[in-house]
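Q: So the chains spell out like this:
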Amino acid sequence: MEAFDVIVIGGGVNGTGTARDCAMRGLSVLLLEKSDFGVGASGNSSGMIHGGIRYMLSDRKVTERACRDSGYIQRIAPHLLFRIPFLMPFTSRGEAATLVEKATWYATEVYVGAYDLYQPLKRGKPSTRLTPEELYALEPALRPGLGGAVTLDEWGIDAYRLCALNALSAERHGATVRNWTEAAAVLREGGRAVGVRWRDVLTGETGEARAPAVFNASGAWSPALGRRTGVSVPMRPGKGTHLTLDRRFSNYGIICNAVDGRQMFLMPHENDSIIGTTDDDSYGDPDDLEPTSDEVEYLLEGVESLVPGVRRARVTRAWCGLRTTLYEYGKNEDELSREHQIYDHAAEGAAGLLSFVGGKLASYRAQSQEAADRIAALAGKAVDRCRTHEEPLPGGEALPDPAALAARYGVAAPAAARIAYRHGARAHEVLALCDEDPRLKLAVCRDEGILAAEIVHCARHEKVRRLQDLRRRCKLAVGACAGLDCARLAAQLAAHELGWSADEARAELADLLELGWRERRTILDGHQLAQEELVRAAHRGLGDL
Amino acid sequence: MSASRVVALSYLAWRALVAHPWKRLAQRGTGAERFVASYAGEGLVPTRPEDRAIGEAASACIGCGLCEAGCALSGAAASVRDLGLRAAFRLYSRGTAELPLARTALEACAACPGCDPLCPTGVPITRIVRHLLSRLPPSYNPPPGPP
Amino acid sequence: MTAAGSLQTDVLVVGGGLAGALAALAARDAGATVALARRSPGATALSSGAVSVAPDPTALPSTTFAARAGTVESARRLAALQPGHPYAAAGVALDRLWESLEFAARELPLLAPPSPRPRWLATPSGSARPCGLCQRSMVAGDLAEAKGILAVVAPRGHLWFDAGLVAGGVNRLAALGAPRAVIARLDLFMWEEAALGRPHDLARLLEAPGAAEAVGAMLRRSLPAGAAAALFPPLLGLSTAARVPERIAHAAGIPVAEFLSDLPSVPGLRLAAAIDERLAAAGVELVRGELAGRGPGEAVSAGGREVRARSWVLASGRFVGGGIARRGTLVEPLLGIPVLASDGPFSQAGAHLASRPAASLTRRDSGSAQPLLSAGLKVDADLRPLGLDGRPVHERLFAAGAVIGGHDQAADGTGLGVAVFTGYLAGRSAAAAGGRLVPAPRGVRA
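Protein chains in written order, with my numbering: chain A, 1 to 545; chain B, 1 to 147; chain C, 1 to 446.
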């Protein structure tokens, strides 16, 4: 039985961010994640570190803080962020715009122009107003009849890696970090929460840990945890589905409106494009969520209204998660706040238990700082000040040059670029494995630029315990290729690193392919369907004896 | 309406009536010029219709590898051949910012074209390689950054 | 041959995979003149290198190899359990399954003659699959017939295949009758160029003069005690003419085999090359390029030439081959024949289901047979595709291979079995329907 200052339940961006902050301040931390970092709302988010532009309507200070925090995240993880310029085209009902429509366009231009004041906080560029001619010159794929556009930019990020890097940083600062380990029960004694009984999902090992503070950041699983513990975590879960296209459709994001008027987007994200998103109340099982044909069609139709050619693009997967929206009965989903709340369950007889609900990916660092402040008070210890905005996340210390990496280690430049994106300064550690063993230069995935060395590095150093974790660490088998070349090879490499038997390797391979299937079922069409036929033929072996 | 909301909306009204028109007067250049100045340096350039058409054609690739059995990519280093020409048009018909990194593979293509007839889904590989080569910036060797 | 550039034949086969090739060869063997139109090598070059045909669907996981039904009986049982399957559609013609397997082995000498009991071959992911037909280079790896210890070769220089995974799989099947497998590590592919080679590069390296002999000598030196055969990764040469497995076996002093391949597949490439050779030698006129036309009897254009044939065999494949496509709805792009999808093993396939959303035509569990992936044409007992009215689209139009609906060959374990069986039958039927009663001498074109 171990004692900690705080036990954090949940490995999403708030759980890992808070664990990192607490560990950096000198608290002893246990972080428990029942599957892998980011599998809930965090990883299934749109993957944007934006600046809270919508809050200028209610409180500019919130926007300023959000933009400043976006700047901090750039500072601590410069390799993970990439710029996305957005076009917000102006549409009109009829051929000629009415006065009201033109006024709306002007209002949008003013609004986005006001946001320019905060862009420098996050190295953003100023907005511009484009005439229709200028708009079509920049993006010929837009449908005719638009009245120009206003532009702005935001930053995109690989949210899964953000969660994993926060967890690894927490560990570096002394935290005990366990993934594939669930908090089976929150222990309560005499009106207080005193700790947690945990269970390793893969090995069955159990144990108890005690702490004066228990921080529940389990996202969509919070209400269930609350029910098991006898406290209430009010939440209104919202399902959000996205589609991924096989390439960057454009270098610019396009904001459009869906059939019901909701704002949607088609945007470039790393080397793919993402179409998003839906928002529906969902009370289903967060462990068993799948996108539906209805959502896929809704998203494609929404984008098609501005980009008619999108139906010719190749959709490679559909994925979804549950937002942990604050509970409010009676409002339509889009009106709900994305603000957050930290519930203290002392009144329910579980003093020391805090639950985090709501929030946005982009503000995770500030949210974690607030949570860490509350936890430090509960732990009753004097702590160092918060430095999560100053110290780089692992790999964030420097930005390596892909061409130089390629030359130094003798690997193809495109692969070096992908490794530099995912690992930043640690790309050297990854590629140094090739110096020891040149066989590791072998390309595992040519769609995503993954080398065998990266698989081995992640398996050794990034808390990979199951093959599917590599989907999140280095995009294994999530591209258009659907795991055709890479899956078995990665299973073999991981098996060597992690000591799996042949049977375990096969089971992990089957599990990886099953997850991919769930994401592809709803979008099989055109070339992606031919891809699926090929993938199934190649992996037939798993279904045999 | 809360106090902070009143403040926020008043501010926006001021911007609409006063600050924004002033800003527009003082701005130099057209919207498009300023947009390009902001983003072109980072490789975030418009996608021309022919780029998009090439992208659609390359989307037919299902990764079977039959093209490679008929391709030598002679002269390229082992790691470049391993990542293959397919990576060139998969990774790089995907986006222009990182296209220069594919230069070695693209220039190693001998334009034979032994690959085209082998493709089961009809990807026009030779045409794609030619197009990507034409989109490469003129070759010069910038001093490499720190590795 | 009439005017230069235009072609008149008894039979036109559309599609150059195994189904099309066997249809062309079967028609040729029956005395017809044959042209084969194809766009690209298709899915056959992407196959494992063997033809599964049918696993015994009534066997339990614990049933030994010896206790399982033979190939033909397994196909019969499969047909009985899945009435929508092409084996069932053929009706009593399923009796000719054995005949079709023998024909394929005769026409393609790289295939070993079929044996009544299937050969159990190891896969790269650590399992074993029963194959009704396989390449000669794989026969010595039959787990059901192996005596003594099986040495699974691990080339130290290359990461692509993992002997541990393969050997672990073989050992797991010991209770079913598989031999004991041990790993034999060889210093093969030990330099950087080779370490980063793709499977076809490695296969070419083994074809180099002296390479196979050197490998065999290395194997002889490192052979585990008691090893009665050696199982190599599927890299033993790109052409059978190079005789890589034979040369290794000779130098090593024990039988040598390769296991099945996934992708990319050297045995698949070998099979495709062997098909091309045989088609040329048999006097089948090869026409390259896209086909545009309306059906048997009419002139169609293909690869810049005009072709006119009495009967057609449509062997254009499914999604990879391009014979069936889904563009919002399921279509057969060449002739517009209605495509049927079924949404369950017990429900009737119907053309109306072809426009259902993809998710509705798939099962949640990826290992199940997926209706979307078994979409295709409906055929009668003579393998003529049927129109919406339930009657053959044309009395001299036949279909073969994956373009026929009712089987998800990745899930039902038949692999290229339907291609071989239906290709052979369709070729014979097309030749007969073409009116050829007097066999023409081989190698002479009309």
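Wrong hints could be hidden among the right ones.
Mimicking DSSO-like on lysine-lysine, the simulated pairs with C-alpha atoms at most 30 Å apart in a straight line are [what the hints assert, rightly or not]:
#, chain 1, residue 1, chain 2, residue 2
1, A, Lys102, A, Lys61
2, A, Lys102, B, Lys23
3, B, Lys23, A, Lys61
4, A, Lys102, A, Lys125
5, A, Lys61, A, Lys360
6, A, Lys360, A, Lys381
7, B, Lys23, A, Lys381
8, A, Lys360, A, Lys125
9, A, Lys125, A, Lys61
Calculated directly from the structure, the hints in this document are not laboratory data.
Q: Indicate, hint by hint, whether the structure satisfies it.
A: Verification of the hints:
no.	hint	result
1	A:Lys102 <-> A:Lys61	holds (29 Å)
2	A:Lys102 <-> B:Lys23	holds (19 Å)
3	B:Lys23 <-> A:Lys61	holds (22 Å)
4	A:Lys102 <-> A:Lys125	holds (25 Å)
5	A:Lys61 <-> A:Lys360	holds (16 Å)
6	A:Lys360 <-> A:Lys381	holds (29 Å)
7	B:Lys23 <-> A:Lys381	violated (51 Å)
8	A:Lys360 <-> A:Lys125	holds (22 Å)
9	A:Lys125 <-> A:Lys61	holds (20 Å)
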